[in-house]
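Number of protein chains: 2
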Amino acid sequence: MRNPPTLLSLAIDSAVINFCRISDLSFVPEHILLELFVRTLKAGKLNEKILKLFIATGKEEILSVIESLNIQHILVPVLPTLIIKDDEVDIVIGALQSDLTSFMEAWRPMFSRFHLIIVKDPDLKEELKVPGGFNLNLYTKSDMDKVVDSSSSTISFSGYSCRYFGYLMSRKKYIISIDDDCIPAKDSKGELIDAVAQHITNLTTPATPFFFNTLYDPFSEGTDFVRGYPFSLRSGVECGLSCGLWLNLADYDAPTQALKPSARNSRYVDAVLTVPARTMLPLSGINIAFNNELVGPTLLPAFRLAKEGKFRWETVEDIWTGMCAKVVCDHLRLGVKSGLPYVWRQERGNAVESLKKEWEGVQLMEEVVPFFQSVRLSEAAVTAEDCIAEIAASVKEQLGRSNPMFARAAENMVEWIKLWKQVRSL
Amino acid sequence: MRNPPTLLSLAIDSAVINFCRISDLSFVPEHILLELFVRTLKAGKLNEKILKLFIATGKEEILSVIESLNIQHILVPVLPTLIIKDDEVDIVIGALQSDLTSFMEAWRPMFSRFHLIIVKDPDLKEELKVPGGFNLNLYTKSDMDKVVDSSSSTISFSGYSCRYFGYLMSRKKYIISIDDDCIPAKDSKGELIDAVAQHITNLTTPATPFFFNTLYDPFSEGTDFVRGYPFSLRSGVECGLSCGLWLNLADYDAPTQALKPSARNSRYVDAVLTVPARTMLPLSGINIAFNNELVGPTLLPAFRLAKEGKFRWETVEDIWTGMCAKVVCDHLRLGVKSGLPYVWRQERGNAVESLKKEWEGVQLMEEVVPFFQSVRLSEAAVTAEDCIAEIAASVKEQLGRSNPMFARAAENMVEWIKLWKQVRSL
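Protein chains in written order, with our numbering: chain A, 1 to 426; chain B, 1001 to 1426.
Calculated from the structure, these hints are not laboratory results.
If you want the ones that stay clear, here's a sample from chain B, every Cβ over 12 Å from chain A, calculated:
no. : residue
1   : Pro1004
2   : Ile1022
3   : Arg1039
4   : Asp1087
5   : Gly1133
6   : Phe1134
7   : Lys1146
8   : Ser1150
9   : Glu1379
10  : Ala1393
Incomplete in silico selection of chain A near chain B, CB under 8 Å:
no. : residue
11  : Thr214
12  : Tyr216
13  : Gly222
14  : Asp224
15  : Phe225
16  : Tyr229
17  : Phe231
18  : Val269
19  : Asp270
20  : Val275
21  : Pro276
22  : Met280
23  : Trp313
24  : Ile319
Built from N, CA and C at the ideal position, the CB exists for glycine as well.
Could you put together the complete structure from these sequences and hints?
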């Protein structure tokens, strides 16, 4: 039989959880401080602020442990970065697999500071396994049914679309979302990449959609605007959307993946760039972040293939949503960034099997892309909601007759805006 | 006194120079073969084809030397790359300094296979020092005077503009041009970068200006089009212009360089991308290549600051020319790529001193950029020459009144097209 925990041990656990309220550790005896430090580390809670608290104690043993582990202060670059608080961020995870243990443990060092929203795919029958030690809300089908009347609504949250329920329920300014088959990647020096921190940097530094900077993101450390870049455009605009990338399994469509089954992405490109205004891109929903206040309603579950599956290459919902978001960002003079951070995508599925389903998505893109390239919004559209309503009307008018799937997408977009406003009015 | 060279030695020298005519080495005695191999290496002439000749001899000593030096075959990727011949390329160097020895020696391994055009800045008084062993044409002020009547022409080839005389005289399909203060850079693995080979790859693989690929150039080794990229756009278009980048001294303007005197670019971004259609960029003339048949006449010496100097940050001629080329490429449905290859820029000049001159360029960009962003060409413009004539007319009409410099630029553009046609009609 295990001994019950000591009072000291419980007190330390409680301190680790409530670190945000602690502003001084100098009164804590050294041996307790050491134990607290070790447990903080294990819990993945050591951040810049907490490290400073430990260093401020001046206790020799603590300082030598910090030194021996080679824990270093992160140099904060002098850039026009907004400082954001941890509680301004929601990390939204769509659970398409029932056991999230290895996924969550891999991300613990990056996720544990933030609030998480986990949304279980309503098609998933097994009970969800989520490890402890996270601050999270879990949403399942019953929560969806309370918000959306499935008898009258056309909106579906099944498969990858489950994450949109998390977007709907979040009240935070920034949302970060990563597929549950991805773990942290390593950079070219072999160091683990903090995808959350990089997304926050992307969202909180300006974007430059109106002129291309050949040295990529001028707000990255060690770079700047190249000679010839107009000064009047250097302050940039707010960033609405940050699209991260993937190492290992790249996000190819089923035909490409079937044709090149051994193709893996190993090229680490150390850059972020603003996708220029009026340029469309294939947004991949695998690893994204957005400013929920600015563009929240544009990330929506509107476009569902008849044979949509549970692998990314069997879906195009994120591609559609990405082009909606890009058109809205262009119209509202906001930026969309692409590049860092990378995540590591693990192997899943059989591309040849998926070919049956995915051809439909491939064919539809031939109509979808020219539509989004040419759609223009009126000056009356001043919010993301207005913009989506106008895009929905154009989809219905210009694409609706060619394929009933487009008409349904237009309906879903209108429905989504209603739902979005309704949830926010509660 | 040195001994005169032996007949054998002279024969080997001659063989090195005339390797293109040799198709078999198997009859050469082994000790001569070894000497030939060493001299070929020293002359920087060992290429894939010559290496194969040596290997085909099957001589053990040769094979072991090749092995001991770890000389390896370059794997040619299976990509839609046009195979081009060495004699389709001109490397054009504008000489702004009189001693090109260290510049040329640094580039010998990359340059020696190709024909070079060296153009001496007409303002440079000292005699030009160029090392031997290159196949080159050297142009000086007297050559310019033969082609351009300086009493009637407004075109000036002084300073960085001297290279345009080389573009004018070249009859090759591809032109590569690198500033004489740059040497080969190293990639992130510490290997020397062959900027010439990378530029040729950029120019001979398709460009994709009509939709953004989040994994950068889909024709690079190990990458492809991302899910959602329309298949109808995947064949791409021809590439007109390849803009390389710079490590160490970045191409900032004088104010930025003066503000951050110690700023150096150390970020090696392993990517090439097509700059999207209708997106303007600040072309830097430091390290470029272009398809002379497609866009040759668009690289032109039109825009000269009143106080233009001999440092890059004192000029904007290349920025102007780059926007002309981009507008023409967009109109003719050609691509402009930016990214790899990097060159290493060495230190020169004093940015604070240059501030007096460069403010003018900085101010003018505020008018230049919106002009090029909005200029549209007629369907009647089907060649680069037509396009430049239309742009010149718009410059005169829309910008000409605000500053005499713009009116002069328009005149220079018209003049350049005349000159271009005249030289080609000889």
